[in-house]
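Undergrad: Below are the chains, spelled out letter by letter.
2 protein chains.
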Amino acid sequence: MRLSDLPTPCLVLDRRVLARNLNVMAQVASYHGVALRPHMKTAKSIDVARMALALNPGAAAGGEQGGVTVSTLAEAEYFAGHGLSDMLYAVGITPQKLDQVAKLNTAGADIIVITDDATVASAIAAHPAPPRTLIEIDTGEHRGGLFPDDPMVLDIAARLGPNLVGVMTHGGHSYGARSVPEMRQTAEQERLGCVHAVSRLRAAGHPAPIVSIGSSPTARAATSMEGVTELRAGVYMFGDLFQAEIGTHGPDDIAVSVLTSVIGNRPSQRRLLVDAGAIALSKDRSTQATANDYGFGILADMQGRRSLGRSIVRTAYQEHGVVELDPQLGTFAPPIGTKFRVLPNHTCLTAAAHDRYFVIEDDSETVTAIWPRVNGW
Amino acid sequence: MRLSDLPTPCLVLDRRVLARNLNVMAQVASYHGVALRPHMKTAKSIDVARMALALNPGAAAGGEQGGVTVSTLAEAEYFAGHGLSDMLYAVGITPQKLDQVAKLNTAGADIIVITDDATVASAIAAHPAPPRTLIEIDTGEHRGGLFPDDPMVLDIAARLGPNLVGVMTHGGHSYGARSVPEMRQTAEQERLGCVHAVSRLRAAGHPAPIVSIGSSPTARAATSMEGVTELRAGVYMFGDLFQAEIGTHGPDDIAVSVLTSVIGNRPSQRRLLVDAGAIALSKDRSTQATANDYGFGILADMQGRRSLGRSIVRTAYQEHGVVELDPQLGTFAPPIGTKFRVLPNHTCLTAAAHDRYFVIEDDSETVTAIWPRVNGW
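Chains A and B are the protein sequences, given in the same order. All letters in the first sequence, in the order written, are residues -5 to 371 by our numbering. All letters in the second sequence, in the order written, are residues -5 to 371 by our numbering.
Hints in this document: simulated from the structure, not taken from any laboratory. Relax, there's no trap hidden among the hints.
Given that identical chains are not distinguished, each listed pair holds provided it fits within a single copy or across any two copies.
Lysine to any residue pairs mimicking SDA-like chemistry, simulated, CA-CA at most 20 Å apart:
#, residue 1, residue 2
1, Lys97, Pro122
2, Lys97, Pro1
3, Lys97, Asp(-1)
4, Lys97, His121
5, Lys97, Leu0
Could you build the full structure based on these sequences and the hints that come with them?
TA: Following this line, the structure appears as structure tokens:
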């Protein structure tokens, strides 16, 4: 099967680029001497998880495979079903969700949950099968978590008792950074905040062995991970136009694209209609906040190269994308049915609309595998 | 099962509101004496399609059930598998997709395709099992289609030969309208453009019996449908904040919402964290272009009422929504796990992330059915 045979729109994954991206982050973790706990929220695929975990020093030596991070309990159930055990569910747990976690853990998984709430901590401790728990720390993103010196940190720890295994934070405010020095500063905030919080816990007699930090930008930019035990990141695996814009990876490190067919053309207006619209691409407009606004994605050729200049999906209807062609292409009017690939703004959201990857290895356009994704909740 | 028992986030469908919305549009079609060909792109559900089709005068008399519109071939295959035959695939066909259409048609479906391209018309005519075809007319939206007096209309008709069955248009520019007179004008453009194009075809000897127009706003606003044979509309079934803002339906006619749980609260900042984020709600920001910007959706209570004032999902991370609470709620801090419902900006895109509906009938919060959706392509 070749890319040109596939029904469109569909999701294409270049395994070479993926492998390169996985290697870079594995080296980052190795350099800092911390474990890498890949966040599967972007890929949602056991095949990708296995590639990522195979790079762990432990796995390479035939030992422990290492843990992953998940963003939904659907992911946790799916990965548990494929034999993964050590998982961090990195979205604040609710008391109502504890039963599902306990069910998976009783069946062999070891899902760690997070909380920043005293009532939830009590519910965890009172549960018949309480999961291991991290306290979520706010190191500057101000989404979830407690500030490192909040008295509540010790209150929650006391309620959790032996279920407490450490702290975690997500330096998501790094996405607002536009330079390496800024990201480096955010990375240091992540580290210092978590290290401070865990030192308070340990001083109060809690073992709290895990200090988990991470975001794709801060992971790459950090100069020190002293006191940190593990790194979480997800979007680095696939990359996207936004990550390339903020310099988290290079412009040629985007592993995922949407294969699309031309379904209309108006040469006089220098535009194409393609069958990748708002569902296939998502309505994410991340690059609007960067120096280069790529609309809903940039058109690439079948080899994934940006050979069409600045040809952008300017408007996205449900199943129609309107491509504004680069003026340098003149009256370029590829026939209806011509295929292109669209590089996405935000790969996590674009991939979420698709239930599988068509995997390619190189420029030959040969599809070598089909990998399923676990969507939903 | 009750709403409060459901895992979150998930999609809730109020069957009463749906039935009311379906009735209104059935009455519109009946008033104008045209067939209603409901567009299933929003609901993607056989259960919803059956409710819509049951309102056809033909079906009520035990006769023909009437046709539907689809936006993907996945929908066509799904509905064909559930016994629907007459379907209009309202996205420009490519030569490569003709085999799949032919396969479904040979197995009993009768999928009509659309084109505005001469080469595609020739490919249709040359296909061993050519589908019935409509020529797409541009009546002002400028997305796809030929202008009504374009000479190419007759060229394409000649190429299609007996496969030509009429014309279609989508007055999607009605979404830019902000008043009934404006929508009425767009509706009249839709009608006049299509009637003009089909009169040219008929004068040239083509029977062209079908004149298919529609969009939810123009369908409601039209004063005349003379010369039109059928009406297509989809989002009217569920409604959303954007449709309510532009006056296509009332504020209480939104049938679909996302059930969500509180996963964090910061009373001092008057905000909540909920587990409906960018995937569960979509990143659609339609209401940004209206008088009331609802962010990524407005928070409603478990009965779907807007009893929380102007509490808006201001920021949407992948699995986290940040709700800015209405200042009038003071230091309202519902415990972690409290459930709310979020009314969506754009129901087509919000629903696309979910694989099923949890159906309720009234304010009792009892879930009376689970209806699957057909996503993907």
